[in-house]
Amino acid sequence: MSEYNFAYLNEQTKKMIRRALLKAVAIPGYQVPFASREMPMPYGWGTGGVQVTASILTPDDILKVIDQGADDTTNAVSIRKFFKKTAAIETTELSEQATIIQTRHRVPETPLREDQILVYQVPIPEPLRFLEPRETETRKMHAYEDYGLMHVKLYEDISQHGHISTTYAYPVMVEGRYVMDPSPTPKFDNPKINNCPALQLFGAGREKRIYALPPYTKVTSLDFEDHPFEVQKWQASCELCGTSGTFLDEVITDDKGGRIFVCSDTDFCRKQQSEKFEEAG
Amino acid sequence: MYVAVKGGEKAIDNAHKLLKEKRRGDTQIAEITTGQISEQLTLAVDRVMTEGSLYDRSLAALAIKQARGDLIEAIFLIRASRTTLPRFGYSKPVETDKMELSRRISATYKDLPGGQLLGPTFDYTHRLLESELETDQPASQQHRGILSDQNSIDSTDVKSEIANEEQTIAAPIIPHVLDLLGEEGLMEPPSNEPKDHEPEDLTRQPLSFPASRDLRLQNLARGDEGFLLALGYSTQRGYARNHPFAGEIRVGTVAIEFEPEELGFAIEIGEIELTECEMVNQFKGSEKAPPQFTRGYGLTFGHCERKAMSMAQIDRSLRAEELGEQKTAPSQDGEFVLSHSDNVQATGFVEHLKLPHYVDFQSELELIRRMHQEHDAASPESDQQAKDMTTHEAAE
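Chains A and B are the protein sequences, given in the same order.
For the working numbering, count along the first sequence from 1 and bump the result up by 16.
For the working numbering, count along the second sequence from 1 and bump the result up by 85.
It is worth saying that the hints were derived from the structure and are not from the lab.
Glycine included, C-beta positions come from ideal geometry on N, C-alpha and C.
No false leads were slipped in.
Quick look at which bits of chain B chain A covers, simulated, 3 or more residues with Cβ under 8 Å:
1) 94-104
2) 168-180
3) 293-301
4) 433-440
5) 444-454
Calculated cross-link-like contacts (lysine-lysine; reagent style DSS-like; alpha-carbon spacing at most 27 Å):
6) B:Lys107 x A:Lys97
7) A:Lys234 x A:Lys156
8) A:Lys97 x B:Lys102
So here's chain B without its partners, still in its complex pose (with noise of 0.2 Å):
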């Protein structure tokens, strides 16, 4: 007998319970607070915040213990919070070459002024699994207590070895390498607009093609890791070729300002940490440009250098047009990057092929079955398998 499918409402609140207990996990086991994600989950917090589009280091803590560490589903939560906030103006543009620097290093020069900062990088280690990490670190007292662990130094050495290592590297302005290159004029500049130009928004103005180079930018920047980590390669083993050299990668904190019009000049808000990409291409020139190096460009917040330097490759890729060169893979075409790149948009959709499709499917299986029908009133061999298949019925 039909069993009607009822209680939608009451399977969805099972389902959220469920959820809920399969979050905490074993309670047996502390729960996880969102002061240890933010301080020790680090990259991840740092992904959800760029890809989630909003500098907040607790919320984004917050939604990734909410998602059990699905950082997808985290950006989604931080982006529909961020849907309710007001918009007040905008900052003024951040000037990363006053930036106050965790890391810098250039693969183009060995020395450059400003030097090269290695800062903490997983870059040179083995990847070998630490087994001591396994065993549970009691709360140090002591600022940066497990370094000083590890290495037997006093941590009031390290503190202030690195307070050197800062004073030395942070001088008030450390060119950008590309700059450098500028100079000499075989680098174009970094940016072809004239200095009024307001940059567009995608989150204010849909996204219209084809898009400028900032809309673009803003674009890659909350775009999915994995996707621009995927095209950047693309780009590196023959679709597009245009070999890079990560001229320069730069980590550290920048001051935000912004401008109140009441106040009618700007005040520094507050600090965040951004990774900046600038990456050199080869250039051979074309009708529309001379020879020269070109720039593509990558920015995130925190520290998500594999991210930034895929998104400055796919920059340079996506400026094919405006240089004047063959557009021949996917990377170099601005419709299919940015339609496709934003992972909310694409987790959703695709998920949404869970969502019940009844009405649809029975309008297909109605045509199918016509058709299927048809097709075998059409055959010269169907008399017979219709036949067998009438026969068939009958005995059920």
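Excised from the complex, chain A in its bound form (with noise of 0.2 Å):
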């Protein structure tokens, strides 16, 4: 039982992903179904982003794994543990180092290059699901490009609140063609996934499809032209690195109302915070 085929996956299983991840770069934001297998993780978990990672590993690899933007989250460190025992392949915490980045929830902060692969872990990929339920008619409104129910809920919105209240999971436009759904990051993170120099794969393993973002494919946040797309900004700046322009965590220090802000990156904090050393060292 302790021995496992590179990455966990027989060799018939990844093929049949491989082929997956081809249609899914081939139709950037398109949905790519596929059959999911059961992982030794729960679904839920990042099975989708486990398989894909595990398909295109090669012996070579260097992997990072995130969870909310940091390395030693408990499912990012259980994820590389599980690629160290059945890969052997060697991991990093550096953006920069790593072949291959797996993440839920959060884009590094540091721009990402055409030599590296950023596998992200969907839960759910319809970005209509929560306006349609059933699958059969979410399909039929991406193949006609119906997406006006999208767009009522974006105006209803602003009609309600004076802007759109979707902050995570906000919906973009996939080469003028697909409406996607960039998993639950921020949509803080919304610009570093247009025109990024790396492949960007996402697996949703227990809802069973995959789609890509091919290098440098062009993808808008929707919006109005009288209420453009805007990101989230933050009064403070982060407590440990003193970096502002970062997506900050909220962390509370004292049942007093304490709290202060820090780089839910923690690869990037740490770097800045190094420089900084420098500078004064």
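Reconstruct the complex from the two isolated chains, following the hints.
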């Protein structure tokens, strides 16, 4: 029982997933159904991303796994360990060093390069799901480019609240054709997904869908002329590295309302801290 | 002062150590063996094999032990292990009319060819706790020793009795009850698919809707017993009411035949135990089909009678469209039932809510603060409230 095929999956399965990946790259933003397998971690915990990573991984790859932007969140640790065990590959916490980065909920702050692949874990790949629960319907809507429902939803937000009240999993339009869910990354990360030099692959295990954004794909966040898309901004800067303009996590420090803000991307934060230290030293 | 939340790796290692300890429990008490589980918790093993979709008693017993008796966790372990196995091919369809029966009942006929055989069932027991089970019985050298102890019958007698009974019952072919009705033309055929129809396989192809009946049955066979039970129950309480009769339930072993390509003919590669349930349902006829009895089908590994019966009820209710019935209830909605029946998927997604969602929550927090401020600014009493707030804050 202790001997596994390289990266757990058998070669038949990897081939099947690679075929789905190729199709996904050929039709950016289109959700390709694939015969997702049961993985040794629960559905909803990154099985889609894990299957994608397992299928593209080679023994020379250097893998980074993040959850909420951090390398040491428990689920990221668990997935990194899984690949260390089943593929015996090198892992890293440095964004620059990694050839494959598997992520949940964030795009790294460090700009990605052409020789890197970003693998997203996706819980619900269908951007229209909460407007229409039936797969039979949403597939038709994509086929006919019938995205009226989504625009109405965004419009209703504005008429009720004065602004679009979607803060994460903010829908995007891919190359003017498919509306896509960028996975539950905060909308703060949407601009990084656009025209990105790295290949971006999205795996949804439970829902059995794969989709992709080839390098330099045009990805626009849905908005209106008079209500243009904008990202979250913080008054504060990171308590640890002092940087502003990154996505900040709020940390409650006591029970009297005390709170500080720190970078959600731990690797980026550490790099900023050491650069500051060098400048000072 | 802020303490960075580090040490995920160490925390996980420690959690796993604790889990191991908890699994073992009090070391003064002997460790449970997988052999004990597969021999004495047979119905748990059967459920794990069925919903885990892998017929292997010893692996299922191991999974139950490892999962501390959490059957959904055990099913999950089996499914994950199943993933690593390459697919060599498909066996021949099993022939349940050639089943070597350990139980066979029909609620539609008092007596019928092949007879009724009660077999090992809880059905007519009084559900009174048997305190004598509290005392451990030492292992016996004799086969079926416990039976002979209880009934003070010599174990060889029991054995021969069972053997005799099996012989009279296990005639080569026991016809299915529903086929007896079929001969009269009152029962629809078992399947409307052409004979050479290749069944689909949802473990190799993602499920798409509307799903064919073979895919639906595969999904239900792997589906959660509790979910199917509740849905089946709902059809008896008026949600898509369609009164079923338990036409036949049979439990027994069947041979598995496989045809290796290089051989050109089928060979028997083993035996498995199955539970099969065929429900008979009234049907008054519609534009699409004449008045006749209709079928619902359930099949499981091992002895999972409750599951097989619920499955048969839902198989029937999901045929609403095919039979031209009005779709009014959840149990008739294929997309609803099939998308939510798998407990490994369900438990994963529900439990994933335990994972950190700091980033999304932070985004929501920012939005709700902004909307809160806007709300206060817009409402007339907000001025006073806002002043109260500021003075309160200033005081702090």
